[in-house]
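Trainee: Chain by chain, the residues:
There are 2 protein chains.
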Amino acid sequence: MHKDRTHVQLSARDKMYEHIKNRIINLDYEPGEKISEKDVALHYNVSKTPVREAFLKLAEEELIKIYPQRYTAVSKIDLDLVEEGRFLRENIECAIVKEACNKLNDDYFMHFELNLKLQQFCIEKGSYQELFGLDEEFHRLLFEMCNKLRIWKLMRSMNSHFDRLRVLRLASNHDWKILFDQHTRIFDNISSGQPEKAEKVMLDHLNLVHFETKELKEQYLDYFE
Amino acid sequence: MHKDRTHVQLSARDKMYEHIKNRIINLDYEPGEKISEKDVALHYNVSKTPVREAFLKLAEEELIKIYPQRYTAVSKIDLDLVEEGRFLRENIECAIVKEACNKLNDDYFMHFELNLKLQQFCIEKGSYQELFGLDEEFHRLLFEMCNKLRIWKLMRSMNSHFDRLRVLRLASNHDWKILFDQHTRIFDNISSGQPEKAEKVMLDHLNLVHFETKELKEQYLDYFE
DNA sequence: TTCTTCATCCTTGCATGGTAGCATTTTAAT
DNA sequence: ATTAAAATGCTACCATGCAAGGATGAAGAA
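Same order as they appear, the protein sequences are chains A and B. Going by our numbering, the letters in the first sequence line up with residues 1 to 225, in that order. Going by our numbering, the letters in the second sequence line up with residues 1 to 225, in that order.
Please keep in mind that the hints were generated in silico from the structure rather than gathered at the bench. Just so it is clear, the structure is predicted and the values come from calculations on it, not from any experiment. Check before you lean on any hint, since a few could be wrong.
No copy is singled out in the list; a pair is fine if it fits within one copy or between any two copies.
Straight-line C-alpha distance at most 35 Å; calculated DSBU-like pairs for lysine-lysine [as the list claims (entries may be wrong)]:
# : residue 1 : residue 2
1 : K21       : K217
2 : K217      : K34
3 : K103      : K217
4 : K65       : K103
5 : K103      : K76
6 : K200      : K38
7 : K57       : K125
Use the sequences and the hints to build the structure in full.
Mentor: So this is what it looks like as C-alpha cells:
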C-alpha cells in the first residue's frame with residue numbers, strides 16, 4: 001500500500017501564512033497598517049523566522065509591502081490589481097468551462113450533483129457561510145476536471161484584494177438563488193455538451209459580483225491606494 | 001526632482017533567486033538533481049538564510065521540490081505544467097491583444113515601432129540572442145499597455161518548465177523571419193483597430209512554438225516527470 | 001542468508017543575535 | 001530661531017547553531 005502521508009502537520013511557516021493572510025483579508029490587519037516581524041512573532045509565540053518567511057510569501061502576492069530596513073505595511077486595496085484579477089478570471093474561467101464540456105465523466109458528474117444538492121440544502125437552511133464554500137468548490141471542481149488546478153491557485157492568489165472588497169460590504173446582497181440557478185445551468189450545459197451556452201452563463205455569472213466599488217472607495221477612502 | 005531610488009542594490013536573497021533560477025532553466029542544475037541549502041550557500045559564499053528564502057520562492061513556482069527534513073531536488077520537467085502554461089498564455093494573450101486595440105497611444109506606438117525596427121536589425125545581423133529578448137519585450141509591451149503587468153509576471157512564472165524545454169532543443173529551428181512577420185501583422189492590426197484579425201494572428205503566433213515534445217521526452221527521459 | 005534494530009549521518013525547520021541602513025530626535029553651532 | 005550634524009532607536013536582513021526527523025548502513029538475531 002502506498003502511503004501518501006499528505007502532510008497533515010503544517011509547518012509553523014504555513015500556519016503563520018494562513019493566520020496572517022486571514023487577518024489581512026478580514027481587515028483585522030487594516031490596509032495601510034504597519035506590521036513587524038517581531039511583533040507578529042511575539043503575538044503568535046514563534047520565532048521571527050517562520051513569520052519572516054510568511055511575510056515574503058505575502059509580499060509576493062502584494063498583500064503586504066516590505067520596505068527593506070524600514071518597515072512593512074499591509075497593502076491598501078489596489079483597484080488596478082482587482083481589475084487584473086477580474087480580467088484573468090473572466091477570460092480563464094470562460095475558457096475552462098468550454099474545455100470542461102469534453103472532460104466530464106461519471107465521477108465528476110457525481111461530484112457536481114452532490115455539490116449542487118448541498119448548495120440547495122444550504123439555501124433552504126440559510127447557511128450562507130457554507131454556501132460560500134460550496135460556491136468556491138464548484139468553480140474549483142471545473143479547474144480540477146480540466147487538470148488546471150495550478151491556474152486556479154494562481155487565480156485565487158490574485159484575487160485577495162478583491163476578497164477584501166467583499167468583506168467591506170458586509171451586508172452582502174448576494175442573491176444566492178440566482179447564483180445557484182446559474183451554477184445549475186452551467187453544469188447542465190456542460191453535461192449536455194453545449195460549450196457556447198455554458199460560456200455565456202459563466203460570463204453572466206462572473207459579472208454578477210461586480211458591484212459598487214466607487215461607493216466603497218468613498219466610504220473607506222483610507223483603505224484604498 | 002523626485003528621487004525614486006528604485007533599489008539598484010538587489011538583496012542577497014534576490015541575487016540567489018536569480019542565480020539558481022538561471023542555472024535550473026539552463027539545465028545546469030539538472031532535472032531530478034538534489035540540491036541543498038548548505039551546498040549552494042557554500043558555493044556562493046553566503047549564509048543559508050538567503051539561499052533558503054530563494055528556495056522557498058522557487059518551490060512556489062514548482063521549479064524545485066522541498067521534502068521537509070529530507071532533501072530538496074530540482075523538479076523534473078512536468079508536461080502537465082507546460083500544458084497549463086500554454087493554456088494560460090493562449091487564452092490570456094489573445095484577450096490582451098484585443099484589449100490592446102483600445103489602448104494604443106502615440107507613446108506606445110513609438111515603442112512598438114522601435115522594437116520592430118530592432119527586431120529587423122537583429123535578423124539581418126543574425127543576433128538571435130538579442131532577438132529573443134526583443135520577442136519577450138514585444139509581448140511584455142502588450143501587457144504593459146493594458147495595465148496587466150502582474151498577469152504577465154504570473155504567466156512568465158508559470159512558463160519556467162516550458163523554458164527548459166526550449167533549452168533542450170538547442171538547435172532552435174525557429175524561423176525568426178516568420179515570427180517577425182507575425183509581430184508586424186499583430187501590431188498593424190492593433191494600430192488599425194482590428195481586434196479579431198489581431199487575435200487570429202496571435203493564435204497562430206503562439207501555436208508556432210509548439211514542437212516535438214514527444215521526441216524530446218524520449219531522448220531525455222530522465223529529465224521528465 | 002534474511003530480517004530487524006539501532007546508531008549515525010544527512011537534510012530542512014526553527015530560534016536567536018548581530019548588522020546595516022533609514023528615520024527621528026537630540027544636540028550643537030551659527 | 002534656524003540649521004546642520006550627530007546620536008539614538010527602529011526596521012528588516014543575514015549569519016549561525018541547534019533541533020527534529022527521515023535515510024542509510026552496520027550489527028545482531030533468527
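Trainee: Compare the structure with each hint and give your call.
Mentor: Checked hints:
Taking the shortest Cα distances, K21 and K217 sit within 35 Å of each other inside one copy (22 Å), while across copies they are farther apart (40 Å). For a Cα distance limit of 35 Å, the shortest separation of K217 from K34 inside one copy, 21 Å, qualifies, whereas the shortest one across copies, 50 Å, does not. With identical chains, the CA atoms of K103 and K217 are at most 35 Å apart between copies only, with a shortest distance of 25 Å across copies and 41 Å within one. In the homo-oligomer, the alpha carbons of K65 and K103 lie at most 35 Å apart only across protomers (29 Å), although the nearest pairing inside one protomer, at 40 Å, exceeds that limit.
Taking CA atoms no more than 35 Å apart as the test, K103 paired with K76 passes between copies only; the shortest distance there is 26 Å, against 40 Å inside one copy. Taking the shortest Cα distances, K200 and K38 never come within 35 Å of each other, neither inside one copy (50 Å) nor across copies (53 Å). In this assembly of identical chains, K57 and K125 lie within 35 Å of each other by CA distance neither inside one copy nor across copies; the values are 38 Å within and 43 Å between.
In the structure shown, a violation is registered for the earlier hints numbered 6, 7, in ascending order.
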